[in-house]
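Chemist: This is what each chain is made of:
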Amino acid sequence: MLKFIVKRCALAVPTLLILVTITFFLIQMAPGSPFTSERQLSPQVLANIKAMYHMDKPLWQQYLYYLGNLAHGDLGPSFKYADHTVNQLLASSFPVSLRIGALAFIAALVLGVAIGTLAACKQNSLLDYCVMAVAMTGIVLPSFVLAPLLVLVFSVNLHWLPAGGWNHGHWANVVLPVTAMTIMYMASIARIQRGSMIEVLNSHYIRTARAKGLPWRIIIMRHALRPSLLPVVSYLGPAFVGVITGSVVVETVFGLPGTGQHFVHGALNRDYSLVLGLTLVIGALTILFTAVVDILYGLIDPKVRCQ
Amino acid sequence: MTLTPDAGDKEAVVQFAQALEIEGRSLWKDAGIRFMKNRAAVASLIILALMGLAVLVGPLLSPHSYDAMDWSAMTVPPTLENSHWFGTDALGRDLFVRILAGGRISFMVGLLGALVAVVIGILFGAVAGYTGGRVDSMMMRVLEILQSFPFMFLVILMVTLFGQSLMLIFIAIGAVSWLEMARIVRGQTISLKSREFVEAALVCGSRQTAVIVRHIVPNILGIVVIYASLLVPGMILFESFLSFLGLGVQEPMTSWGALVNEGAQSMDVAAWQLILPAGFLTVTLFCFNYIGDGMRDALDTKDR
Amino acid sequence: MKKTLLASLVLVCFHVGVCAQAAEVPEGVHLDSRQHLVRGNGAEPSSLDPQLAQDLPGHHILVDLFEGLVGQDAAGNVVPAGSTHWDVTTQKQENAQKDRQIYTFHLRRDAQWSDGKPVTARDYVFGFRRAVDPELASPYGWYIAMPGVLNAKAIMAGKEPPAALGVKALDDYTFQVTLEQPVSFFVRMLAYPTTFPVPAHIVEKYGKQWISPGKMVSNGAYVLKEWVVNEQITVARNTRYWNDKKTVINKVTWLPLTSETAELNRYKAGEVDMTNHTPGPQHIRALRKEIPDEIRISPQIGTYYYTFNTRKEHFNDVRVRKALTYAIDREAIATRVMNHGERPAIGLSPTSVAGFSGFEPEWVRMTQSEREQKARELLKEAGYGSGTKKKLSFTLLYNTDDMHKNVALAVAQMWKKVLGVEVRLQNQEWKVFLDNMQKGRFDVGRSGWLGDYNEAFTMLNLMTSSNDSNYSRFSNDEYDQLLEQAMLEVDDSKRKKIYGQAERILSEYMPVAPIYEYVTGRLVKSHVGGYPDQNPQDTVYSKDLYIKKHS
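Residue numbers (this note's numbering), protein chains in the order written: chain A, 1 to 307; chain B, 1001 to 1304; chain C, 2001 to 2551.
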């Protein structure tokens, strides 16, 4: 296990380096620059600004300069938000996304697995259809409909919860965004879980267990649940990164200061350093959670562990 | 009654055996029969077929065109007058025609995008999972890099370098959504390749590619189909996200995603602008999901 | 050769007697005990450094935090703020065609920074120099260079040190600006953050980090309290502000809400007191019935227009440009598509701007159907239409936005209907759009401009051949000369006439098709008092507002 972790860490560094390199050169190719604005800058001013951001040098020098700073953990100044460095922006936005994302993720996982399992046990019954139909609303209803709908009902009409804002993470401000995100992810997890659970329930060893007269509860909990989780676990890695790095729509609708907003604005503003910084963080997270998923896979499926 | 069969009986048995041979049911045919028994799936299929028909011929039934503005009827709720059966949008364009016209785009984006994702995803995932070792870990690194890649830039870049076209949207969508597919396929492949039948095939001297295509891929189709049924709505929604960013289908053309997006902005004052396109969208997506389920159940090769 | 002073010729002295603007609470109004105002702000400001700020969200907050030499009243007129009065002298120059103009501002002696240090002329000098300092590289340095503050251009080009800028602290409370030429509307430009003073002692102490809550020191009615990027910026009352006793609102929270729907919902939920977005046409219709009193529409110095690429085929023919312009039913766009109280535009400068010429081109007096008739004739004259091989087919480029989309769709429909031309719509994401417009890769493009200061010059200057924002590539010597003259002309009515002549040239060559005049429309809760309905620059000082008692 330790060897596995060390190996993964050793692989992570070149992976991230490749990621940074590709992103660095690719964003420069996008039309427009951070300094493209409605009021065109005079060549003089543009030259001054470029000098300030070390963009007056050839691209490869800029790249080396960026890597040099990166080695010191410095992601550089933001191009758009002149008063902040990328480190500051990430440090303030990440905890927000983490909190919302982690809560939504746990809720979605627990509810999704429970619903999926329940539906699978009662396959093709009315309960199955109803539960899955409700769950599926989360897949078929776009988040930009769901989130404002929640606001309209619970904030504008009922006045139960605030319509937006972070308010230092006050619970009341967290409820609606977490709910919206939970519904979005829960449905997918429920569907995957249902599918794989049905498959497991049809397998020989479960039939044997059933034939032996073991009670359903024991069969499900002790024998069926673990193998049925495999596809869900596969889905979790990327989903978790998606949840943590924030849902652009949810953050925009609820006015949350998370990373999702940064990513869209960063891309649209051509905020090179912000996008690079975010890419790096997302990349590192992806690698981390893929590793975690692989470890989980091993824990659940002994066959993988053997190899 | 004799125990030894006479010649005529013998002949009948041989004929019956031959007939059996001729009509020997293939895996897929079997699946087809099982699928037809699933009522929800069949109903969904019928609804989808009707939807497809409506999308193709529906616009011809209305006197309006999808891009004509009616200054005298802006933001009109559904009515039988003026033949604005589904009402109009903020610019007085007929929603009935727009929803059906938008459906064409959404169907195309959903199906083609999913197809691209499925094909690339299966091949990539199966090869990685089956080969294992160094190749696998390298392919997974590639996947990780791509997954953490700011694809928004990729899309913006593509659109601006090659111009904004529908074809490009398919490519863009397909190109960014096969990643999860590949990952899931790989996971399944790893657990499949230690199964007896794969070993048996290898012992019999099947080539690696043949094993992947003949034995691994058909066995992961179940999970792929479920996942693909999740992909289609995903594709359609992704298209609306692109529209939202201004990279989607160009006005005055539209899509369901774009219509729902527009409707969502005025849901409290012009509910029909959201409910009608959202209705079409959700019904379609539900249908895709049920069909996915039906196919999964039907394709399940394990004894039941 | 060094220019020498010959004589101080004219001395114009402004002693404005009116007191500076502040919250005027009418008799009988009961104030709420909780004076906390929440304002929508449209987007996250790019910077809260007065000299670096370049967008409206930043501008909105900066006029609360800082105070410049002058401010604006509810109608957008200049009122004294950091200075109590000012003198203007003209200086004849040997070997120069233009006279220099010297503004001497007498600063308020009771003005303090929020840390108790007095605001001196040196802080103003520091602010002006920063704006042009290549080291800070402000994107708004042009704002100092445009009216011709002495040496500004040379400093920005790195040819002179920032100390050479034509600004001087004669003593602690006297600040002098030297312009290379007379600029009649210079004082009006000084209500803008680029010219605000900056606390030299704080900036030198903290460097770039001075703009953060706790470190930033300001001289306006408010100080920076809290800043959560993409969520809120909160400012609190500055008790050291010279007119603090007149300030009513204790705390202002700014929300960078980019989504119009999200902002509207939060307004309806009672979490926002003043929105930044104008609700879309469908919402405004419903809101007019529900809360007509809360919809506040004020004129704005800004025009929405379509630019023709005059260097491209079809559009190099003035008849085509005119035909397309006449075929747009402005009334319908303003009242049906926009529907907030926008006025159809007939020229580049809007009616609300100071120095508006009132020039009416011939076509304005025609009815819409006459215009359409004329448009068809013009197009036929240009050789298009049935029976000819020439076919007018082009792309209308606009940046991604619902409002722009609606206008583009409506205009395209009018063009198709009236002229039978083929119009393709293309929307592009903002930066791509700008890139293409600036590089001339478009046929007809969406444009719009909000004035930087209250003078028609800010709009008309767009069409001079040297202006970077003149995407039409329209170039006319007479026009350029007129604008040069206008800048120097001190007499208001003469200047107005020049603007009228400029508008006439535009209407003759039609490089752009004016569509409508912008308005500022926002929702303001009925418990917010003191909201200025007539400020055409959308300058709403929080210190002028108050919150009435409400449940």
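These are calculated hints, taken from the structure and not from any lab test. Bear in mind the structure is a predicted one, so any value in this text is a computation, not a measurement. Be aware that a few hints might be false.
[Claimed, not checked] BS3-like, lysine-lysine: derived pairs with alpha carbons at most 25 angstroms apart:
#1 K57/A / K2251/C
#2 K2405/C / K2390/C
#3 K1037/B / K212/A
#4 K2374/C / K2416/C
#5 K2208/C / K50/A
#6 K2439/C / K2251/C
#7 K50/A / K2439/C
#8 K2251/C / K2225/C
#9 K2159/C / K57/A
#10 K2215/C / K57/A
#11 K50/A / K2416/C
#12 K2374/C / K50/A
Chemist: Against this structure, judge whether each hint is valid.
Modeler: Verification of the hints:
1. Using a Cα cut-off of 25 angstroms, the hinted pair K57/A and K2251/C is violated, with the two alpha carbons roughly 45 angstroms apart.
2. Note on K2405/C and K2390/C: the hinted pairing is violated, with a Cα-Cα distance of about 28 angstroms set against a maximum of 25 angstroms.
3. For the given pair, K1037/B sits about 30 angstroms from K212/A by alpha-carbon distance, which is inconsistent with the 25 angstroms threshold.
4. At roughly 15 angstroms between alpha-carbon atoms, K2374/C and K2416/C fall within 25 angstroms of each other, so this suggested pair holds.
5. Distance check on the hinted pair: K2208/C and K50/A sit about 17 angstroms apart at the alpha-carbon level, within 25 angstroms; holds.
6. Pair hint K2439/C plus K2251/C does not hold up; C-alpha atoms about 45 angstroms apart against a cutoff of 25 angstroms.
7. Restraint check: the Cα-Cα separation between K50/A and K2439/C comes to about 20 angstroms, which is no more than 25 angstroms; the hinted pair holds.
8. The straight-line distance between the Cα atoms of K2251/C and K2225/C is roughly 9 angstroms, inside the 25 angstroms bound, and the hint therefore holds.
9. Between K2159/C and K57/A, the direct Cα distance comes to roughly 21 angstroms. Compliance with the 25 angstroms bound is thereby established for this hinted pair.
10. Between the alpha carbons of K2215/C and K57/A the distance comes to roughly 34 angstroms, so the proposed pair goes past 25 angstroms and is violated.
11. Proposed proximity of K50/A and K2416/C is contradicted: the alpha carbons are some 45 angstroms apart, above 25 angstroms.
12. Simply put, K2374/C and K50/A have alpha-carbon atoms about 50 angstroms apart, too far for the 25 angstroms limit, and the pair is violated.
Hint compliance for this structure: hints 1, 2, 3, 6, 10, 11 and 12 are not met, and every other hint is.
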